[in-house]
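A.B. asks: Hey, can you work out the whole structure from these sequences and the hints?
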Amino acid sequence: MEMICGRLEQIINEEVLEIRGDGRAGSGIVLTMQSIVAMAVEDPTLYVQEWPFFSSARKGAPTRGFLRLSRRPIEKSSEITRPHIAIMMDEGVTTAIDFAEGVPRGSIFILNTTLSPEEAASKFRLSGRIYTIDGDRLAQHFLKKPLGNISVFALLMELIPVFDPRRSRTRLEKILKKRRLPELLVKANGDLFEASLNQARFADCDYARPTDHLASPFGGYGELMPGAQSRLRLSRSNLTSAYARTGFVLQFGDSQNLCNGCGHCIINCPENIIQFHPDPEIGVRVTGADVTNYCKLCHECIAICPKNLFSEVRTAECWKVGPV
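The numbering of the sequence shown is our numbering, which starts it at 2 and goes up by one.
Treat the hints as calculated values from the structure; they're not laboratory data.
There may be inaccurate statements among the hints.
Claimed, not checked - Derived lysine-lysine pairs resembling DSS-like cross-links, with alpha carbons at most 25 Å apart:
#1 145 to 178
#2 178 to 146
#3 146 to 188
#4 145 to 179
#5 77 to 124
#6 308 to 297
#7 77 to 308
#8 77 to 145
#9 175 to 188
#10 179 to 146
#11 188 to 178
#12 145 to 124
Said to hold, decoys possible - So the derived label-pair ranges between C-beta atoms look like this:
#13 213 to 8: 22 to 32 Å
#14 255 to 138: 49 to 59 Å
#15 257 to 83: 19 to 29 Å
#16 42 to 10: 11 to 21 Å
#17 204 to 276: 41 to 51 Å
#18 46 to 307: 18 to 28 Å
#19 138 to 308: 41 to 51 Å
These numbers come from a predicted model, not from an experiment.
Ideal Cβ placement from N, Cα and C applies to all residues, glycine included.
C.D. replies: The structure is reproduced here in C-alpha cells:
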C-alpha cells in the first residue's frame, strides 16, 4: 500500500491536493476549511477552492466541507469524491454518512476522537495513515465546551507542508475577530491552537476490505441537466437557432481529450444542447453540441470553457445536418 503522506508537497506543486471533511452543524468543519483558505491566500503562488455542503438547517445535521489546494490553476469545480485527506470532525456523524467513502488506499485520515489510530482504523475499517486527536478534551479545557475544529486545524497546519504553524495562530485570531468574537474568546482559541500542536497520534493501518467505502458510480443526470435547469428554461417549442448570427455556427473540438469534466458548459447552456456521456475518471466528458435547431450562439459555453473547446466559426467551415 503506497502512502501519500510523503508526497503532499509534490501533489500541491504538480497536481491538486483535495481535502474533504465531515461533521455535524455546529462542529466547526466550515471554520476549519475557511481557516485553511485564509492561510493559503497569503501566498500569491497558491490557488485554493473551498465550499461547504449543508444537509438541513438544524444544529447537529451532517455537514460536509470541500477544499482544493494547488500551485497550479484549479480547473475542477465538482464534488470531491476521492480526497487525499479525509476529516471526521464529529464521531456522531458516522451514523449518518460514510466519511471514508471513495478515499483511496494509502490516503490520510484525520479523526477527532478519543480512540487510538489503531482502534479507529479497526472500528471504521480504514487503510492509510490515521491521525487521531482528542480535540474535544482540549477544547473543554480552554473553551469549556467540546469542539474539535481548532485542534484539527492545528494538525492540518502541521501536515500540509506549504504552511507554517507558527504563523497560523495569528491568522486564526484575525478570522475570529472578523466574526466579532470577544477578545477573551479569541485568545482562548489561540491558546487552544498552541496546545493542540504535536498532540496527535498516528499509525499506518490497513483494515479496509476491497468492498469497504466504495464510491457510488456515476448514474447520469436524469432527464434534466445539472444546475437544476427546469423545463421552463428550455425552449424545445421555439427553434432558437433562427436567432443566431447569420453565417456563423458553434463548433466543438476536442481531438486531444482535453475536457476536464468541469461541466460548466452543461450547466450554463440555456438551451440544454450540450452532449456528454459519463466518464469514470472525470465524471462527465463533453462530446459535442446539437446546434441544428436550438443554438442561438449566446457564447455561454465559449466564455466558460477552461480548455477553450468551443468556438464560433463561419457556417461554411463546419456546417453539418445534425449534432457537431
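A.B. asks: Failing hints, ascending?
C.D. replies: Hints 5, 8, 12 contradicted; others consistent.
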